[in-house]
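These are the residues of each chain, in order.
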Amino acid sequence: MLKFLQMGGYAVYLWPAYALTAAVVALNVAWARRSLRGAQAEARRRLAMLKVAS
Amino acid sequence: MAWVWFHRFGSPPHFYRLARRLTPWFAWPAALLCAAGLVGGLVLAPADYQQGDGFRIIYVHAPAAWLSLMVYVVMASSAAVGLIWRMTVAHAVAASCAPIGASFTALALATGMLWGRPMWGTYWEWDPRLTSELLLLFLYLGYMGLRNSVDDIGRADRASAVLAIVGVVNVPIIHYSVIWWNSLHQAPTVMKFGQPTMPASMLVPLLLMLAGFTACFVALLLTRARGEVLRRERNARWVGDALGQT
Amino acid sequence: MSARRAGLAAAVTALMLRDLRLALRRPGDTLQPLGFFLVVTTLFPLALDPELSVLRDIAPAALWVGALLSSLLALDLLFREDAQDGTLEQLALCGLPFTGLLLAKTVVHWLLTGLPLVLIAPLAAIALGAPYGAMPGVLAALLLGTVALSLIGAVGAGLTMSLHRNGSLLALLVLPLAAPVLIFGARATALAIALEPLAAPLYLLAAMAVLAATLAPWAVAAAVRIGLE
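Protein chains in written order, with this note's numbering: chain F, 34 to 87; chain X, 4 to 249; chain G, 516 to 744.
Bound-form chain F, shown alone (with noise of 0.2 Å):
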């Protein structure tokens, strides 16, 4: 188990690597449904305008 965390060596430059990449993929998936949700809610606010203004 030890040996596989140190991987000959190379630890302290592959798990960052590894890290961040995590890091990436969650702030991308994150940021896509933010992105998302924020257009639904715009969207339902102007109908809601329009409504009332109707």
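Any given hint could be a false lead.
[Stated by the list, open to error] Cut-off 25 Å, straight-line C-alpha distance, at most; resulting in silico cross-link-like pairs (SDA-like, lysine to any residue):
#  : chain 1 : residue 1 : chain 2 : residue 2
1  : F       : Lys84     : X       : Asp244
2  : F       : Lys36     : X       : Leu41
3  : F       : Lys36     : X       : Arg120
4  : F       : Lys84     : X       : Gly243
5  : F       : Lys84     : X       : Ala239
6  : F       : Lys36     : X       : Arg20
7  : F       : Lys84     : X       : Arg234
8  : F       : Lys36     : X       : Met116
9  : F       : Lys36     : X       : Met122
10 : F       : Lys36     : X       : Glu236
11 : F       : Lys36     : X       : Pro121
12 : F       : Lys36     : X       : Pro15
13 : F       : Lys36     : X       : Val42
14 : F       : Lys84     : X       : Glu236
15 : F       : Lys36     : X       : Ile156
16 : F       : Lys36     : X       : Tyr52
17 : F       : Lys84     : F       : Arg70
18 : F       : Lys36     : X       : Ala38
19 : F       : Lys84     : X       : Arg240
20 : F       : Lys84     : X       : Tyr52
21 : F       : Lys36     : X       : Ala239
22 : F       : Lys84     : X       : Arg235
23 : F       : Lys84     : X       : Trp241
24 : F       : Lys36     : X       : Val207
25 : F       : Lys36     : X       : Gln53
26 : F       : Lys36     : X       : Ala39
27 : F       : Lys36     : X       : Leu246
28 : F       : Lys84     : X       : Ile156
29 : F       : Lys36     : X       : Leu209
30 : F       : Lys36     : X       : Ala203
31 : F       : Lys36     : X       : Arg234
32 : F       : Lys84     : X       : Pro15
33 : F       : Lys84     : X       : Pro202
34 : F       : Lys36     : X       : Leu47
35 : F       : Lys36     : F       : Leu53
36 : F       : Lys36     : X       : Arg237
37 : F       : Lys84     : X       : Arg237
38 : F       : Lys36     : X       : Ala50
For the record, the hints were derived by calculation from the structure and aren't laboratory data.
Put chains X and G on the given structure of chain F with help from the hints.
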């Protein structure tokens, strides 16, 4: 027959509903493929005889670099389709690609630097691959900067489409110029392996990761594109029905 | 000549003469980028070492970075004023090939900004330690390079002409696209200064200039049309 399909896909309400249904079909396979690739790459593949365990960074660096380039091509192609056929969905797809592509380009640069440090001794060596990635990042940032500067979303779509098309024509030119420039100075080129060809135990996890990242991109794209379509279809009637459904 | 082609030739000539006349009324617009070029190339010796042998090594870089930055400064002027006062709209609506008219404007712009830079560059090159024998090569490389830069830059100018005066966005858009020109141009200049044959990078530079001349006008017309909406 194919044209009917094309037009259906291009119609914003159809796209919105279809994208919603398709997303899990890309998201879950992406997770599975990446999990399998990680197990194969980190555990099962043998260490490289020249680079030891350090070469395993390729399992995140290569997919990130692949994505950075592929996403730009998708962005430019859909921007071109949007510009020529005036398709809102195509412009929405192009707009969605940019933040995804830019972040993976940055990731490719970061993982490339982390790979370079043990191999070359420094984090940055102006080698052709990383320099090309850096210029690609600037192209993405320029695209996003232009989009943000234009207020009207339709004009932003069209202007950035022109930029993306010019950029995609330039990408091979930039790539080969940088390779040529680098060859003059015999700087260490990146990521050479001990073996001339990769054995299957090393290659298969790499292919799995590439496929997984690609599927992940499609899932992300579909999610973002739905929002972008909503932003462009301001007062259409279908929006109310679709939102009631979500 | 058919009536239509005579019409286009006359229009292009009139347009170019008009642009030249307007530019000559404001010599600052032409001279300031030149001044900027000289200042930038002066900065390098100040930052390094007045020793000519050292400067000779960085001379290609200094000349080309200076040329790039000074072209960027000048590019903003290409379309902005004509977009604001409605001239570009008239050109778009007049029925003549818009691409050709914009190309004519770009040519005039190069004559006013690129060409003077090429002519003044030997001064800067010699100040940076280049031998006299290097001048033909330096001139040729910068000639081709500035042509390519004007054409590529015109695309960026067209995209940003209706936005707030934002030099950094224009730079961000144009510089990555101009990187190949910089690579081959600086290489050609370095070979010239070392008094070695520079045909290879010079041919590639020429190829880029030709490619830019062929493809850029379409992108420029598309960009300007979008900006005029």
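A quick look at each hint next to the structure:
{"no.": "1", "hint": "F/Lys84 x X/Asp244", "verdict": "holds, 14 Å"}
{"no.": "2", "hint": "F/Lys36 x X/Leu41", "verdict": "holds, 17 Å"}
{"no.": "3", "hint": "F/Lys36 x X/Arg120", "verdict": "holds, 21 Å"}
{"no.": "4", "hint": "F/Lys84 x X/Gly243", "verdict": "holds, 11 Å"}
{"no.": "5", "hint": "F/Lys84 x X/Ala239", "verdict": "holds, 13 Å"}
{"no.": "6", "hint": "F/Lys36 x X/Arg20", "verdict": "violated, 49 Å"}
{"no.": "7", "hint": "F/Lys84 x X/Arg234", "verdict": "holds, 18 Å"}
{"no.": "8", "hint": "F/Lys36 x X/Met116", "verdict": "holds, 24 Å"}
{"no.": "9", "hint": "F/Lys36 x X/Met122", "verdict": "holds, 20 Å"}
{"no.": "10", "hint": "F/Lys36 x X/Glu236", "verdict": "violated, 55 Å"}
{"no.": "11", "hint": "F/Lys36 x X/Pro121", "verdict": "holds, 18 Å"}
{"no.": "12", "hint": "F/Lys36 x X/Pro15", "verdict": "violated, 53 Å"}
{"no.": "13", "hint": "F/Lys36 x X/Val42", "verdict": "holds, 15 Å"}
{"no.": "14", "hint": "F/Lys84 x X/Glu236", "verdict": "holds, 17 Å"}
{"no.": "15", "hint": "F/Lys36 x X/Ile156", "verdict": "violated, 54 Å"}
{"no.": "16", "hint": "F/Lys36 x X/Tyr52", "verdict": "holds, 17 Å"}
{"no.": "17", "hint": "F/Lys84 x F/Arg70", "verdict": "holds, 21 Å"}
{"no.": "18", "hint": "F/Lys36 x X/Ala38", "verdict": "holds, 21 Å"}
{"no.": "19", "hint": "F/Lys84 x X/Arg240", "verdict": "holds, 12 Å"}
{"no.": "20", "hint": "F/Lys84 x X/Tyr52", "verdict": "violated, 69 Å"}
{"no.": "21", "hint": "F/Lys36 x X/Ala239", "verdict": "violated, 60 Å"}
{"no.": "22", "hint": "F/Lys84 x X/Arg235", "verdict": "holds, 19 Å"}
{"no.": "23", "hint": "F/Lys84 x X/Trp241", "verdict": "holds, 15 Å"}
{"no.": "24", "hint": "F/Lys36 x X/Val207", "verdict": "holds, 23 Å"}
{"no.": "25", "hint": "F/Lys36 x X/Gln53", "verdict": "holds, 18 Å"}
{"no.": "26", "hint": "F/Lys36 x X/Ala39", "verdict": "holds, 21 Å"}
{"no.": "27", "hint": "F/Lys36 x X/Leu246", "verdict": "violated, 52 Å"}
{"no.": "28", "hint": "F/Lys84 x X/Ile156", "verdict": "holds, 24 Å"}
{"no.": "29", "hint": "F/Lys36 x X/Leu209", "verdict": "holds, 22 Å"}
{"no.": "30", "hint": "F/Lys36 x X/Ala203", "verdict": "holds, 23 Å"}
{"no.": "31", "hint": "F/Lys36 x X/Arg234", "verdict": "violated, 51 Å"}
{"no.": "32", "hint": "F/Lys84 x X/Pro15", "verdict": "holds, 22 Å"}
{"no.": "33", "hint": "F/Lys84 x X/Pro202", "verdict": "violated, 64 Å"}
{"no.": "34", "hint": "F/Lys36 x X/Leu47", "verdict": "holds, 14 Å"}
{"no.": "35", "hint": "F/Lys36 x F/Leu53", "verdict": "holds, 22 Å"}
{"no.": "36", "hint": "F/Lys36 x X/Arg237", "verdict": "violated, 57 Å"}
{"no.": "37", "hint": "F/Lys84 x X/Arg237", "verdict": "holds, 14 Å"}
{"no.": "38", "hint": "F/Lys36 x X/Ala50", "verdict": "holds, 12 Å"}
Taken one by one, the earlier hints fail for this structure at numbers 6, 10, 12, 15, 20, 21, 27, 31, 33, 36, listed in ascending order.
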